[in-house]
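From first to last, the protein sequence lines stand for chains C and S. The numbering of the first sequence is this note's numbering, which starts it at 1136 and goes up by one. The numbering of the second sequence is this note's numbering, which starts it at 54 and goes up by one.
Take these hints with a grain of salt, some might be off.
[Claimed, not checked] Short, incomplete list of chain S residues facing chain C, as computed with Cβ under 10 Å: (1) 103; (2) 246; (3) 278; (4) 318; (5) 323.
Hints were generated in silico from the structure; no laboratory data involved. Glycine is no exception: its CB is placed at the ideal position from the N, C-alpha and C atoms.
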Amino acid sequence: MIKINQFCFCSISYVVHSCNLKYQNMKNTQNSLPPPSLPEQEGRVVQQSIDQWMSAEGPLLPILHHIQDHLGYIPPASIELIAHQLNLSRAEVHGVVTYYPHFRREKPALRQIVVCQAEACQARGARELTRTIESRTGCRLGQHSPDGQWCLESVYCLGLCASGPAVAINGCLHARVDHDRLNELLSPGDLA
Amino acid sequence: MSTKVYVPRDSAALAVGADEVAAAIRNEVEKRGLDVQIIRNGSRGMFWLEPLVEVEFQGQRIGYGPVSPKDVRTLLDSGFLKGQSHALRVGEVNDHPFLKQQERLTFSRMGITDPLSLEDYRHHGGFSGLCVALTLPPQQIVQQVLDSGLRGRGGAGFPAGIKWKTVLQATAPQKYIVVNADEGDSGTFADRMVMEGDPYMLLEGMAIAGLAVGATTGYIYVRSEYPHAFHALQEAIVRAENAGFLGDNLLESGKRFRVMVRKAAGSYVCGEETALLESLEGKRGIVRAKPPLPALSGLFGKPTVINNVLTLCAVPFILSHGAAAYAEFGMGRSRGTLPFQLAGNIRQGGLVEKAFGVSIRTLIEQFGAGTASGRPLRAVQVGGPLGAYFPDRLLDTPLDYEAMAARGGVLGHGGIVVFDDTVDMAEQARYALEFCAVESCGKCTPCRIGSTRGEELVRHMQHHPESSHQDEQLLRDLCNTLLNGSLCAMGGMTPYPVLSALDHFPEDFHPSSHAIKAA
Ligand SMILES: Cc1cc2nc3c(=O)[nH]c(=O)nc-3n(C[C@H](O)[C@H](O)[C@H](O)COP(=O)(O)O)c2cc1C
Ligand code: SF4
Ligand code: FES
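Construct the complete structure from the given sequences, taking the supplied hints into account.
Structure representation (structure tokens):
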């Protein structure tokens, strides 16, 4: 049943989208599905983001960035709200959110470690560094640690390629990360 | 008068503790009641010395580095505010051989000025290119760029003047200048340095491009991995607009040019120009088929100049010093200078701006001082993840678009990544294919599926030496398909690192047979 509804929604919005302005009003009424289930505070942030960027050219990426900067992720329920107000289909917004590695659809762990996996850092021991961090945090690359405290992600270059290996912890950059530096960065209290 | 102390704010300095050093200096001079002004400059591009603290004394800038917060006390004790000796003293920075042997036309202000000070920028020759451009008709600005021989610095090396001419000749109510600041190549950081360390230069280059082709709006597409660059640009735009260098009345000329910064979202292929335009329009970053050329139908279907950061940053010099002064540098059809980036396993990594034609070996040995590990060099990747690996015997190749192409390589964005003899070249080839599989936009089959199959093949070779010769034939066939059947250079050039690794380092792919031969 839900599937059928979604199908109708998609095909309607596809047709409307291609018929352009003339049917704009029709689309808006056809689309009036129950309001997305976003917690109030998140809903407010999403609405603010939309309001701030709505009139800009190509507003979708700035809106998503604004949401993620404030909430740490893109709540899946916000997709509907964005699609509705930008006159896009949900599929289009979903496609964009999932295409770009930067956008998360889940709340991030308390501590996010991003380790550069690209060539210049490989040449300075990034592979070994990654393995060490994995064993120290109990967290595999691309996953959360069992206690949910850490998440470990790969990045392909942070622009610190003359001073590798490079990592970013909660957005803060660190270069020349050798054994001692890593010990400082992962202070004992933080270990899994 | 207070003593000026410079502590860089470049990401590469921040990542090794520049903020902590600046705070420690502030603390300590306050305690001692000294009159010191701390200026956060850009980086000189000598990253092995970062944080490189400089003191202005008797008209000289004396450098100390790499400084950590715990060095601050001894520095002050030994009189570094008067340029006195200390274990970390590197002397007058401008006389450092690493800088002295460079030809910094574009990076002339880098590390010297406070990046966000308009006064500093003007004082060091800033906006003089824009002033010249405001006195010229559009055709003549374009002619200057054509005469300079400037080619795109983003990788493809397409003549900038021809692109601009196409956009100038197009008629449309709206045209755009788009800056490609996606700098995704491993081993490159020159765009980042400009945005963080001399952002007005990029804005000036964009404004000149706008005047040249009749565009009044510009976008800078900055990768999300560069938060400091993003913020520096935002701040620079506000200040430049308030001071009348951008906005509705450029330097009181009645001309308009506005700039917006947009953040990318972690996709490498969005550095490809048409994927970048899709992304700016708010879509998935899927490569467009050409034609139509972006110059005729680019952002939102309007005529668009899309250039790399460094391409646009070469323009203010060309306008203020003349096309001939720029074209004097270089070799063959590669005119001017390129900011090369020394990265990876190198003792003195950093930014070296030199005229085209310098050899890879000169850069690595004379500037880079060899490997950081002290072990023998084994391979050098030039031109980012889609660039070829060079063995030692090819290092005398001059860095010039045509000479590199003749040896199966590319210059790309000027990144040079050094590997020592611990590197496993089969693993590097496997990684190149894996990277392509991760980053492929998925539009065409050879790249989308071929990359995955290729990665599997190399993995098979690594674990089954007995069948590796058969696998190699298959891998070469596959690379051929990628080379000839891909829509863009992502799939089209992934074979470069793979085939160069196979050709120059076969022993890493067929360990047993080489061991037998050697025995
Ligand atoms: C996969 C891929 C990634 C690219 N990444 C970048 C990039 O990060 N920065 C850039 O300036 N050009 C990049 N390019 C090249 C652009 O497509 C384009 O040639 C360039 O922006 C044109 O500007 P230019 O003529 O000033 O070099 C990339 C190309 C491909 C195929
Ligand atoms: S070669 Fe790869 S990245 Fe380029 S268009 Fe084809 S699938 Fe997309
Ligand atoms: S390759 Fe790791 S920072 Fe560039």
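*Find the hints from earlier in the document that the structure breaks and name them by number, from lowest to highest.*
none
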